[in-house]
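Given only the sequences and the hints, what does the whole structure look like? Please build it.
If you're matching them up, the sequences are chains L and C in order.
All the letters of the first sequence, read from the start, carry residue numbers 1 to 112 under our numbering.
All the letters of the second sequence, read from the start, carry residue numbers 113 to 227 under our numbering.
It is possible that some hints are incorrect.
Here are the computed distance ranges between Cβ atoms for each label pair [stated by the list, open to error]:
1) L:Pro112 with C:Gln156: 32 to 38 angstroms
2) L:Asn54 with C:Asn183: 38 to 44 angstroms
3) L:Thr26 with C:Gln166: 46 to 52 angstroms
Calculated Cβ distances over 10 angstroms to all of chain C for the following chain L residues [stated by the list, open to error]:
4) Glu14
5) Gly15
6) Ser25
7) Thr26
8) Leu80
9) Arg81
10) Leu97
11) Arg99
12) Trp111
Calculated directly from the structure, the hints in this document are not laboratory data.
None of these values were measured; they are calculated from a predicted model.
C-beta atoms are modelled at their ideal positions from N, C-alpha and C, and glycine is treated no differently.
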Amino acid sequence: DAKTTQPTSMDCAEGRAANLPCNHSTISGNEYVYWYRQIHSQGPQYIIHGLKNNETNEMASLIITEDRKSSTLILPHATLRDTAVYYCIVTGRGSTLGRLYFGRGTQLTVWP
Amino acid sequence: KAGVTQTPRYLIKTRGQQVTLSCSPISGHRSVSWYQQTPGQGLQFLFEYFSETQRNKGNFPGRFSGRQFSNSRSEMNVSTLELGDSALYLCASSPGLADSYNEQFFGPGTRLTVL
Chain L
1 DAKTTQPTSM DCAEGRAANL PCNHSTISGN EYVYWYRQIH SQGPQYIIHG
51 LKNNETNEMA SLIITEDRKS STLILPHATL RDTAVYYCIV TGRGSTLGRL
101 YFGRGTQLTV WP
Chain C
113 KAGVTQTPRY LIKTRGQQVT LSCSPISGHR SVSWYQQTPG QGLQFLFEYF
163 SETQRNKGNF PGRFSGRQFS NSRSEMNVST LELGDSALYL CASSPGLADS
213 YNEQFFGPGT RLTVL
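Dropping the structure here:
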């Protein structure tokens, strides 16, 4: 699985968009970008994933650059409940299913 | 659908003892993965079971073992506990099929303290 690099921490005002970057310059053609988050003392929660197209769901948007070497998770209107550690993970399918390698992630703090 | 459940939620053991943790996946999910989370090492993958077979394994000593039953429920065992085994142990379930994605659903975890 490709390695990812994320900032250690970020903060954001409530109601504003939170943009969390992730670098994955060694991503291979069949690997996906996944985002999970972990609110303090809870299990991680899946947010979104993508291959090369931008993706959007009810929680967030995922923007992947054309060369796929980096991506940005966007929380359009951050709330206090979005304060969490956000993990960017690159992984494939097939034999790597069920195995996720978490880095240190980005601690996002949303302030009122 | 009920979520992933883990029992017990909290556990206190002493060095040298062994412990068994249990995980019930979401109904229909055949893959169960286990993770250890500590402040020093973060979230680390232990192993994954699919259809009662260990399919993936992380880099942990043999003291850490697991198994999966025919109903997809899984147990994780740690023998000869060490102080460093104190951690939050998380399990996650997913469909696990070859054509599915790696979207995993995590349980609340079991907090193990080794004294």
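Hint check, failures only: Structure breaks hints 3, 10, 11.
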